[in-house]
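**Student:** Here the protein sequences come in this chain order: F and E. Heads up, the first sequence stops at 1225 in my numbering, and the numbers go up one at a time, no gaps. Heads up, the second sequence stops at 1225 in my numbering, and the numbers go up one at a time, no gaps.
Each computed DSS-like pair below joins lysine-lysine, with the alpha-carbon atoms no more than 27 Å apart:
1. E:LYS1080 x E:LYS1193
2. F:LYS1007 x E:LYS971
3. E:LYS1007 x F:LYS971
4. E:LYS1007 x F:LYS1007
The hints are simulated quantities; they were obtained by calculation from the structure and are not laboratory data. Remember, predicted model here, so these are calculated numbers, not experimental data.
2 protein chains.
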Amino acid sequence: MLPLITGSTRIYGLLGDPVKSAKSPMLLNRLFAETQSDAVCIPLEVGTQGLAEFVKGARAVRNLAGLLVTMPHKQAMLEFVDVLHPSARQIGAINVVRCDTDGRWEGAVFDGLGCVLGMQRQGVSLLGKSVLLIGAGGSGRAIAFAVAAAGARSLSISDLDPQRAADLAHRVTREGSCEVHAGPADPAGHDIVINATPLGMNPDDPMPVEAEQLNPAMVVVDIITRSEPTALLLEAQSRGCKTLDGQPMHVGQALLALGFLGFEDIERRYSEGL
Amino acid sequence: MLPLITGSTRIYGLLGDPVKSAKSPMLLNRLFAETQSDAVCIPLEVGTQGLAEFVKGARAVRNLAGLLVTMPHKQAMLEFVDVLHPSARQIGAINVVRCDTDGRWEGAVFDGLGCVLGMQRQGVSLLGKSVLLIGAGGSGRAIAFAVAAAGARSLSISDLDPQRAADLAHRVTREGSCEVHAGPADPAGHDIVINATPLGMNPDDPMPVEAEQLNPAMVVVDIITRSEPTALLLEAQSRGCKTLDGQPMHVGQALLALGFLGFEDIERRYSEGL
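Generate coordinates for the entire structure from the input sequences, incorporating the hints supplied.
**Tutor:** So, in structure tokens, the structure goes:
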């Protein structure tokens, strides 16, 4: 249940295609209700071809206060905002737009930082840890930068395309003091394993890592959000690992996005645990 | 309180400028909640200059299912829809747009019919009655046609601009069997008096009718929606008249708009009384 929507309620859109299974409107509206914020999040299904027209029209809506941006618009939105938050420049993508009252739109991305915050909220610190990251695509890129910034000792990046893994490792190396390199999908010697590939969405998918190398000292994170655990998480659990599914990252992203949108009170209140 | 908004919730906008005091989102969301309809109504504040861009952008939003249209866009929307409902052609205005899944937008106007339905829901029938209508502007025009169609015996239309009253009387005469003419703002001899001017919004406004002619057999309707009764309604009450404020018309409009938007169940369930 949600609070009343009146003529003065601030409107936030979840922009994507498709949006049918999007979870952000429910999460944000719950947080708005619990904090008695006069705001509402609604899904807006816009295809790639309609994005430019949508943005022009949305800029005419004075009470539109922000957009959460999901697939397939995370890269395309870069050219439709007026200001890029450092996160968006670094990652080359946007997952939230703040529509300021002076008409300026600023874009940021909290996929990676949200993943780290989600892990921290579940008691998993990255400080001094050795991390294996599988996948150097959009989500993997964001997570790599955030893992390095969160104080990991080392980061090994694995991708089906070794060049893509090497390129990302090279870029992340320049950002901080974490030792970053490309490598195989082998958990041996790592403290934390993060799957940032879509492998596990479908029942026939191969395992994203060499699962026989998992041991009970490891934490295994799979960013896929489904109601059922992925094969990787089931295998990790059977080997005694602590596991996290995509939900903590989703909540972490949402909290950081809300802080960026001006709801610092919500971000503070929930960042330490729900 | 409202039901959950998910990725599959249909979106309805209340389009106007300003929208701060708009009551439709609260009313529609209450009706959606009570009937467990997976739909939500949100305010969209768009100025005159932004309307064309807004419409192009809104057409890119696949889950936008309709718009309620209020000031100042009721006439301007005529050129942005693909199909005009007979009501919109007759009145020359639009207060609701249905966005069909094939991309076609159809516009209709239920201001007048909503006023009549609101009166009926309060036990005031127009059948065989003599009606004095004050104001031949946008709302007055819509109400004149609806009063004639509802079976009034006669309709006298008064306006500060006598030519505007005469023109409207002439047009409504052609539509039905009601005897319609322009005349003074004098309630004498009428059964029902309807104020469709803005007189009464401000404390210094003159009385829209010759109030000393009101008698206890008369019903006095003031379409202005405010929390406090207008001076006209207070005067009418002191003279023993039955009075209706703008709320019944607002609810009547909303029910007819919901029927047009496909919520025939809501229209049926509430049309006989809330």
